[in-house]
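Starting from the structure of chain A, add chain B where the hints point.
Note that the protein sequences, when read in sequence, are chains A and B.
Per the working numbering, the first sequence starts with residue 1, numbered consecutively.
Per the working numbering, the second sequence starts with residue 1, numbered consecutively.
Honestly, I wouldn't trust all of these hints.
Since the list can't tell identical chains apart, any single copy or any two copies may satisfy a pair.
Once the Cα atoms are required to be at most 30 Å apart in a straight line, the calculated BS3-like pairs of lysine-lysine come out as [what the hints assert, rightly or not]:
no., residue 1, residue 2
1, Lys-55, Lys-316
2, Lys-348, Lys-316
3, Lys-55, Lys-96
4, Lys-348, Lys-96
5, Lys-326, Lys-105
6, Lys-174, Lys-348
7, Lys-198, Lys-281
8, Lys-344, Lys-96
9, Lys-214, Lys-326
10, Lys-316, Lys-105
11, Lys-316, Lys-96
12, Lys-129, Lys-55
13, Lys-348, Lys-287
14, Lys-198, Lys-300
15, Lys-281, Lys-250
16, Lys-326, Lys-96
17, Lys-256, Lys-291
By construction, these hints were calculated from the structure, which means they are not laboratory data.
Note that the structure is a prediction, hence the values are computed from the model and not measured.
There are 2 protein chains.
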Amino acid sequence: MDLFKNNTQIEGIDTTNACYGGTAALFNAVQWMESSYWDGRYAIVVAGDIAVYEKGPARPTGGAGVVAMLIGPDASLVLEQGLRGTYMANVWDFYKPVLDSEYPKVDGLLSNDCYIQAIDECYKNYADKFTKKYSSFKGVGNEFNWMIFHSPYGKLVQKSWSRMKYLDYIHNHKDVSQFDSNSNSHPLFSYKSIPSSKTFNDKDLLKISTDLYKQDYKQKVEPSLEFGSQIGNSYCGSLYIGIESLVSGKKSTDIKVGDRIGLFSYGSGLAASLFSLKVNKDISHFKQTSKVQERLSQRKKCSGKEFEDVLAQREKNHSLAGFEVKEEDVKQSGELWEGAYYLKGVDKLYRRTYDRASL
Amino acid sequence: MDLFKNNTQIEGIDTTNACYGGTAALFNAVQWMESSYWDGRYAIVVAGDIAVYEKGPARPTGGAGVVAMLIGPDASLVLEQGLRGTYMANVWDFYKPVLDSEYPKVDGLLSNDCYIQAIDECYKNYADKFTKKYSSFKGVGNEFNWMIFHSPYGKLVQKSWSRMKYLDYIHNHKDVSQFDSNSNSHPLFSYKSIPSSKTFNDKDLLKISTDLYKQDYKQKVEPSLEFGSQIGNSYCGSLYIGIESLVSGKKSTDIKVGDRIGLFSYGSGLAASLFSLKVNKDISHFKQTSKVQERLSQRKKCSGKEFEDVLAQREKNHSLAGFEVKEEDVKQSGELWEGAYYLKGVDKLYRRTYDRASL
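Looking at chain A on its own, in the form it has when it is part of the complex (with noise of 0.2 Å):
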């Protein structure tokens, strides 16, 4: 009997909650190596998730990705320890009730708010903690040398730096724009008296704040953006896409060690962090090494008919048992590579096969 063909001594079990389970994957691993059960060895955190969409107009905006991390001690990029502002809720603001379907259900200007309001409770626990930890907070602006957000779209991440930056301005830290900060003739003057809980839909506070932090926001913030916006949304894997944009993609040359990179993390229902790396040692290999560009050159475009049609075939096959893929329609197929991974068969009992192409 060889039950236990791929035995192994791992530990450690997958984590769910919408685009935030790969962040609490990468908590739940680098505790354990804080922790007195580590035994030396590395872990690897995977983010994934099934990012697509039903018909209509959300479908644009899924993507493809999943992110492997290799974590382990005397790394390049380090956590901060015992730092983060972590914010949870009960909300409905996307979900996948559905259970035989891939689809979620998903209240998308709702969800918008749950991600803003998230990024204020997370920053002001963040901020809580770093003065724990150095005695003071200066505001995102002056302590993140760069920034990551979990990045659905371009636009939500653009809005949301420009949110941390108005509450570093109203919370009276020193601020990076042409204007002085104590002056009554900031633009952003007259938020200083309104509570941040009454201005999360502020349309004119959103404008100002994008124009006057536009500068910033392509310095720090859009770098990590590279990847993510040829990719679209891979729900979980996106934040961590964002890491490889702005290690490996064109502004990396200008990370310096020491610097600190701001991360949040958001996943509906909701569960979100705010917490941050620090550069421990000089990353320029990793522009070198690093495949994703080319990776991303060798993918065929298709039409969006073509796009639909596989889609219309993913969501037929969905739950589909009892059936196994010829070799020889893999060889014909000509859609995998020498040694891509395949599904090869799902028997009825549903127990599914995997084979790599040999063509």
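Same frame as chain A, now just chain B:
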């Protein structure tokens, strides 16, 4: 906008792996507490599952039970730090591939085999860690005062204890049976020369070891089955209901400060761990304050037919949306008690609301 009426800074999200999910949550909680991220708060671990089977021979083994555990410093029962043996493998013994059904697919024989093999592997890994921590390991028979198993049904638990004691014996740990462990007249002597990997399905071995260690089983293992035998298999909750049985059941008065309690957690798929608790304080108040036996005795006895009817109703309503339960019906049902939580409704967008009964 008051999206966040129940907002919190709670950390941690759902962990899912058949009956192992609650164990993973417990490990994650404890590791959080040992890490730099812990800020002094208690953790609550909730171990539960839908423990129903489709019509057929497995149905009567299903049960119902959820365990909530408060985890914090200065506890009466303390996890032994840095000590656990974990084992994982990729098998299809019990799984839920039909996503809109509550029922699992079960290969019962395979699952039993997996469980027993996991015992062997966890035993080995636990023994290694134990030896590293305390410089020697004298076998579970000598090291554990009490032992609790994940308990899908009682017979498998007895088989597992017999297996562990047999492993003790072939690893030359001092026996506690009436036989001299070193003598060739020991009933298991001939098994010393057979690799343990060859004996998983050895019926003679099972019979001999079950007889040989019956008394030991009665004393160390049976007390943990007291409540579970009335409840049935509660999946994730099962192991932890075992703790409750042991520390507040009939035999709880025999538990002494300093005793070690072994725990074996098994989740199909599979993930398994052998770990241990030490009794850190007098626990005699547990028996006095526990309401489990009282609440079990308040249950309503129903016929097999009624049970089948309820499950049929449940199956029909499983994915239902767009309904609300009327307060009048709650009052008239006679099935709820004052203050009981119940599902008040699921709206057309599948959003669930709960309420408490006021009779």
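Checked hints:
1. Lys-55 / Lys-316: both (14 Å within a copy, 28 Å between copies)
2. Lys-348 / Lys-316: both (17 Å within a copy, 24 Å between copies)
3. Lys-55 / Lys-96: Classified as both; 15 Å inside a copy, 27 Å across copies.
4. Lys-348 / Lys-96: Intra 25 Å, inter 13 Å, cutoff 30 Å: intra and inter.
5. Lys-326 / Lys-105: For Lys-326 and Lys-105, only the inter-copy Cα distance (26 Å) is at most 30 Å; the intra-copy one is 35 Å.
6. Lys-174 / Lys-348: neither (64 Å within a copy, 49 Å between copies)
7. Lys-198 / Lys-281: neither (42 Å within a copy, 51 Å between copies)
8. Lys-344 / Lys-96: both (27 Å within a copy, 20 Å between copies)
9. Lys-214 / Lys-326: Classified as neither; 54 Å inside a copy, 53 Å across copies.
10. Lys-316 / Lys-105: both (19 Å within a copy, 22 Å between copies)
11. Lys-316 / Lys-96: both (18 Å within a copy, 20 Å between copies)
12. Lys-129 / Lys-55: neither (43 Å within a copy, 53 Å between copies)
13. Lys-348 / Lys-287: neither (46 Å within a copy, 49 Å between copies)
14. Lys-198 / Lys-300: neither (47 Å within a copy, 52 Å between copies)
15. Lys-281 / Lys-250: Cα proximity of Lys-281 and Lys-250: one copy only (19 Å, versus 60 Å across).
16. Lys-326 / Lys-96: Classified as between; 26 Å across copies, 33 Å inside a copy.
17. Lys-256 / Lys-291: Classified as within: same-chain Cα gap 22 Å, cross-chain 60 Å, threshold 30 Å.
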